[in-house]
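With the hints as extra help, turn the sequences into a complete structure.
One line per chain: the protein sequences are A and B, in this order. Everything in the first sequence is counted per my numbering, starting at 1 for the first residue and increasing by one. Everything in the second sequence is counted per my numbering, starting at 134 for the first residue and increasing by one.
Read the hints as simulated data drawn from the structure, not as lab findings. Everything numeric in this text was worked out from a predicted model, so none of it was measured. The beta carbon of each residue, even a glycine, is placed where N, CA and C say it ideally should be. Just so you know, not all the hints are guaranteed correct.
[As the list claims (entries may be wrong)] Partial list, computed: chain B residues near chain A (C-beta under 10 Å):
id : residue
1  : Thr141
2  : Gln159
3  : Val166
4  : Ala211
5  : Met212
6  : Cys216
7  : Leu221
8  : Leu224
9  : Glu226
10 : Cys232
11 : Cys239
12 : Gly247
13 : Ala248
[To be verified] Below, a sample of chain B positions facing chain A; criterion: calculated Cβ distance under 10 Å:
id : residue
14 : Leu181
15 : Ser203
16 : Leu222
17 : Thr234
18 : Phe240
19 : Glu243
There are 2 protein chains.
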Amino acid sequence: MTTAPDPTLPDQLRFDAAGLVCAIAQQHDTGEVLMVAWMNRDAVAETLATGQVCYWSRSRQALWRKGESSGQTQRLVAMRMDCDGDALLLLVEQTGVACHTGRRSCFYREARDGAWTEIAAPDVSPDVLYHRH
Amino acid sequence: MTTAPDPTLPDQLRFDAAGLVCAIAQQHDTGEVLMVAWMNRDAVAETLATGQVCYWSRSRQALWRKGESSGQTQRLVAMRMDCDGDALLLLVEQTGVACHTGRRSCFYREARDGAWTEIAAPDVSPDVLYHRH
Numbered sequence: 001m002t003t004a005p006d007p008t009l010p011d012q013l014r015f016d017a018a019g020l021v022c023a024i025a026q027q028h029d030t031g032e033v034l035m036v037a038w039m040n041r042d043a044v045a046e047t048l049a050t051g052q053v054c055y056w057s058r059s060r061q062a063l064w065r066k067g068e069s070s071g072q073t074q075r076l077v078a079m080r081m082d083c084d085g086d087a088l089l090l091l092v093e094q095t096g097v098a099c100h101t102g103r104r105s106c107f108y109r110e111a112r113d114g115a116w117t118e119i120a121a122p123d124v125s126p127d128v129l130y131h132r133h
Numbered sequence: 134m135t136t137a138p139d140p141t142l143p144d145q146l147r148f149d150a151a152g153l154v155c156a157i158a159q160q161h162d163t164g165e166v167l168m169v170a171w172m173n174r175d176a177v178a179e180t181l182a183t184g185q186v187c188y189w190s191r192s193r194q195a196l197w198r199k200g201e202s203s204g205q206t207q208r209l210v211a212m213r214m215d216c217d218g219d220a221l222l223l224l225v226e227q228t229g230v231a232c233h234t235g236r237r238s239c240f241y242r243e244a245r246d247g248a249w250t251e252i253a254a255p256d257v258s259p260d261v262l263y264h265r266h
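And the structure:
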């Protein structure tokens, strides 16, 4: 993580009408695409400042510090911007699993023979992740 | 590409108010994230039916058969859906470059030392890609 927390970096992004850009999280060493979520300006700035990935939750309309409930945090290794500035690629070190279903990646269903087919099982129960008893 | 062109597969996606889902293209063997774009129902169905990636162009409001102008097509190797059904991961075989700037990936700028820094040069001139003289 070589990025100094410069507050002007987010200014070069093209946020949409809702103030958001799409953000892809990819495990930095294996290349596995873990998830896609959204960031507003504050989420980008906080992520650059702390080195811990923070998204914007559209459902909760609040900053979403990844792993704050589950402990499954993402440490930022690098942040990249796409050619038209409305998407980010986050290279991360994922602690545990990225998906709320307990799977490593959210992309666990694949179109095969005309059906969406599960190609990955949970590594951990969501009940354990979210301390439900 | 083991997917039969079943027209009901897109029905399980959660399209947004504009009828779109976000789609990430990743080179299937190297893991490189190439680009992010959007698909509507017809683009998903066409991609599954033909095995050639087709997006929806928000700027042109039309189907965008990737490579139709530049020849830089994407052959679909696999299509995956995320946990909440509003994003797709396309594993592709990219012909040439994915980015309209002539770079392999659209994510060619990285936040380094407080600035967005180019980390990849064009492989080919856009003038060559788009036959401009």
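Checking each numbered hint in turn, tell me which of them this model violates, lowest number first. Structure breaks hints 9 and 15.
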